[in-house]
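Residue numbers (my numbering), protein chains in the order written: chain A, 1 to 278; chain B, 1 to 330; chain C, 1 to 330.
Hints are computed from structural coordinates only; laboratory data are not their basis.
Idealized CB from N, CA, C, for every residue including glycine.
One thing to keep in mind: the hints can contain errors.
Unchecked claim - Covered stretches of chain B (in silico footprint by chain A; criterion: 3 or more residues with CB under 8 Å from a CB of chain A, positions within the stretch not fixed): (1) 74 to 82; (2) 99 to 109; (3) 112 to 124.
Unchecked claim - Only pairs whose alpha carbons sit at most 35 Å apart, straight line, appear in this in silico DSBU-like list of lysine-lysine: (4) C:Lys229 - B:Lys271; (5) B:Lys269 - A:Lys163; (6) A:Lys163 - B:Lys80; (7) B:Lys293 - B:Lys29; (8) B:Lys269 - C:Lys229; (9) C:Lys96 - B:Lys271; (10) B:Lys169 - A:Lys163.
So you can see what is in the structure, the chains are spelled out below.
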Amino acid sequence: MKLPRLRGGTSLWIGGGLVALAMVVAIAAPLIAHTDPVLDANLMNAEIPPGFDFWFGTDAQGRDIYSRIVYGSRISLTVGVVSQVLNSLIGVTLGLSAGYWGGWWDDFVTGLTNLMLAIPSLIFALAIMAILGPGLSSLVVALGLTAWSYSCRVARAQVLSLKGQGYIQAARILGYGDLRIMFTQILPNILGPLIVIATLGMGGAILSEAALSFLGLGIRPPFPSWGSMLSEARDQITTAPWLSVFPGAAIFLTVLGLNLLGDGLRDILDPQSTTRRT
Amino acid sequence: MAEPLLKLDDLAVHFRVGSALAGGVKTLKAVDGVTLDVQPGECLGLVGESGCGKSTLALAIMGLIPPTRGQLALEGHDIKTIDRMATARTVQMVFQDPYASLNPRQTVRRTLADPLRIHGVTDKAEVEARVADMMAKVGLRPEQADRYPHEFSGGQRQRIGIARALILKPKLVICDEPVSALDVSIRAQIINLLLDLKDEMGLSYIMISHDLGVVEHVSDRVAVMYLGRIVEQGSWQEIFEDPRHPYTRALIAAIPDPFLRAAATAKAKAKGEIASALNPPSGCHFHPRCPMKADRCVTEVPVLGAVSPGHLAACHFRDSQPQEVVAATR
Amino acid sequence: MTQPLLKVPLLQVDDLHIALKGESATYNAVEKVSFEIGRGEAFGLVGESGCGKSITALSVMGLLKRPLSLGGGRIVLDGEEIQDASAAEWRRLRGKRIAMIFQEPMTALNPLSPVGRQIAEMFVLHEGCGWNEAMDRAEDALRQVQVPSPERRIRDFPHQLSGGMRQRVMIAIALACGPELLIADEPTTALDVTVQAEIIDLMAELCAAKGTAILMISHDLGLVANMCKRVAVMYAGRIVEQQEADAIFATPRHPYTQGLINSLPRLGERSRRGRQRLQEITGTVPSIASYPAGCRFNPRCAAMTEICREVSPEITPLPSNGLVRCHHHG
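Chain A with its partners taken away, still in its complex shape (with noise of 0.2 Å):
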């Protein structure tokens, strides 16, 4: 008896499921949520542990501890994947011009992505925060500024490696552009790499959301995030546990799914692992 083999390996479907559920839930929230995550406070239902009436439990303002995690998968998917999208574009183009043009420009990207590693990424997200103010878009364009290097990294070292093949001599001796080979030559070959360190960052994202939330420097109150769901259940941390448990899980889960898939995706979208038909 033979087992269909599963490519990319278990990790790959176990993560692939975990972000996929999690996808499911944040765009069916309306549908799924038992109330409104904000308006339907009711002071009489206040901190009841979880039940049978409230999955998860309520907090003090008597709020569905359950609605709002699944309206706070939103706000915690939107900032992992637009930062990350972010973070990619910037760092692509910067690696992607600085290895195949090198010269000065390399030197002078090659060292701001060194200064970009030297500090660390949280500390310069909060100095933006500062800057532009609390808020959703402030968080992932402060997310989304401060982790690319890399991708900018990862794909410079690939078009450097790119660079000497014969595919792509032989797309300028047919009279390509610079721009055409980079976008139609390289690129192409190198997506790979960049898709597993964009899924791999997704997790980074939602936890420094999670962490700058937690700091009161995220989505305020009262609209839920992991994050902040979180940062309002440190005081009753001992009297209602279920407050910080469901939160914690839920950024725990997604974020082992999106490593488990980025895991896989390496597996899958390695050149090496591709076998040559010889």
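Following the hints, put chains B and C in place on chain A, whose structure we already have.
Frame of chain A; chains B and C shown alone:
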């Protein structure tokens, strides 16, 4: 006589390597004063070992490396005055490694159609027709157009590489070791294909190869390069039947041929290895390896002089028969 | 005729099978391979990439790695079966009695260790020498492979040597302990032609002087035939023909061998007969997962008949002291 398609006059390409801080800057004379021409419809064989400068020469001809000195003219026009796109429509290249020379993420159709679009063929039907026609010419079926390179064997990939080089209908194609990365049983297919296409499309070739059997088979004229210089050039008969430079003779002697046993050629074999182009030997670059070295070879650079009209050799003893030379230098 | 029968050959490979474990199936990468090498004899194994020649050599060295494994058959060294030897027994055999040279010496040498030390290590490891004595002997070994000024070269690191010099170092390491068998896997493919000729001559000379047998592996039939007394040709995991080197060129009996010999342009051929169109072998080399039934060459063979598609031909002795695996060798 018609105007040559390609004319090189004292062409040199030098690179500066190293840095002023670490060991000083040196000049690498990759190509050092090459004078050559290629006539329309002609196949010029370019022979030499690694480091002799033939790849740099190829890149210079395609306008990808600016020459340090000398003239390079395509159809009578100086290459500096021709724009890149026009050069692309005149000179193209077939690469050695059929695996690294095709973009793994592009279908055959895209590989062949994109260059046409870049060069102003906008009519969809015309692009389609020219792609299909070119695929048929190199022996691929048009229904294979939507496949990716990994779905093809090495020989088929090289056919795609040839199609890509010919899609813009160039006049001159530089073939850089076109068969040496292929399976032995596939090589004849590709050599025959290249010769057929040459006749069919009226192409000129520069056939770069270290395989003298291939060069003799396809070339009209042959040039032998050693450390950036041409050491001998002439018609294929002159080069293979009456070689006048000891390096040419060494190359021929090095080919294992079961019908010409080693004893007959032992005297012609070269000793040692090709020197670094960073630090070439004085006088005749070949003298440290030459079986017939004399004192003047160490000090005096031999000029590329005529043995007979069209047959040139850069050796002080080009007019002597090999046996006499060997005897004289003992 | 009677004498050779009594002699025990140095190496006897008998009905060798090598299994390749794929994702969903196990393939026979090498099948029914049998040959013998006498003491001091040079034997050649010729074939294209993927035909199984290199893994045959690795199995004789006990170096098969996952997903490859020995699928059956015997490997007999000097009357002693070694195919099931333990890791410790293999370590004693390798280097001491069987040695190997690879295509790319740069990857086979340790980049962080001076070459002299790497040669000396063989004496320390296999002969229990002290390091001082071993270094002296390493210098001698370098002198034997004609490395100029060995007393200085002994301290060089591999990257400081040219390709040809590195391959000489590899030969010195391989021959250090006077092995009975030297396996050379494409030893000159990465080298220039003039250097190739020198390395081959050196290898043949040293082995003849020391009475070392050679198993030479290459895709170049001409090169192998020049150096070896007997030659076997492999195609798609099987030996298809085995003859004396002279005979295999004069009277090749298998259509694949015939195709190989006729499909390559041979130096001097154009002078003798003018430019003839090369005879192509049609089709492509099959991949291991898609070997055809019957004779594996049948889809590319001009002489193919019904039986070739159904029945795998057995190896058959030729009247002229050779073997062939073809239904129609007559």
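Hints versus structure:
Counting residues of the segment 74 to 82 of chain B whose CB falls under 8 Å from any CB of chain A gives 0; the rule of at least 3 is not met. Proximity of the segment 99 to 109 of chain B to chain A, defined as three or more residues with a beta carbon under 8 Å from a beta carbon of that chain, is established by the 8 residues found. Counting residues of the segment 112 to 124 of chain B whose beta carbon lies closer than 8 Å to any beta carbon of chain A gives 4, which meets the minimum of three for the stated coverage. Only pairs whose Cα atoms come within 35 Å are accepted, and lysine 229 of chain C paired with lysine 271 of chain B is accepted, the gap being roughly 26 Å.
This hinted pair does not check out: lysine 269 of chain B and lysine 163 of chain A have alpha carbons roughly 38 Å apart, beyond 35 Å. A C-alpha spacing of about 25 Å is found between lysine 163 of chain A and lysine 80 of chain B, which places the hinted pair at or below 35 Å, so the restraint holds. With a CA separation close to 23 Å, the supplied pair lysine 293 of chain B and lysine 29 of chain B stays within the 35 Å bound. Taken as a hint, the lysine 269 of chain B and lysine 229 of chain C pair is honoured in the structure, with Cα atoms around 23 Å apart against an allowance of 35 Å.
The suggested pairing of lysine 96 of chain C with lysine 271 of chain B holds, with an alpha-carbon distance near 31 Å, which does not exceed 35 Å. For a cut-off of 35 Å, the pair hint linking lysine 169 of chain B to lysine 163 of chain A stands: about 26 Å separates their Cα positions.
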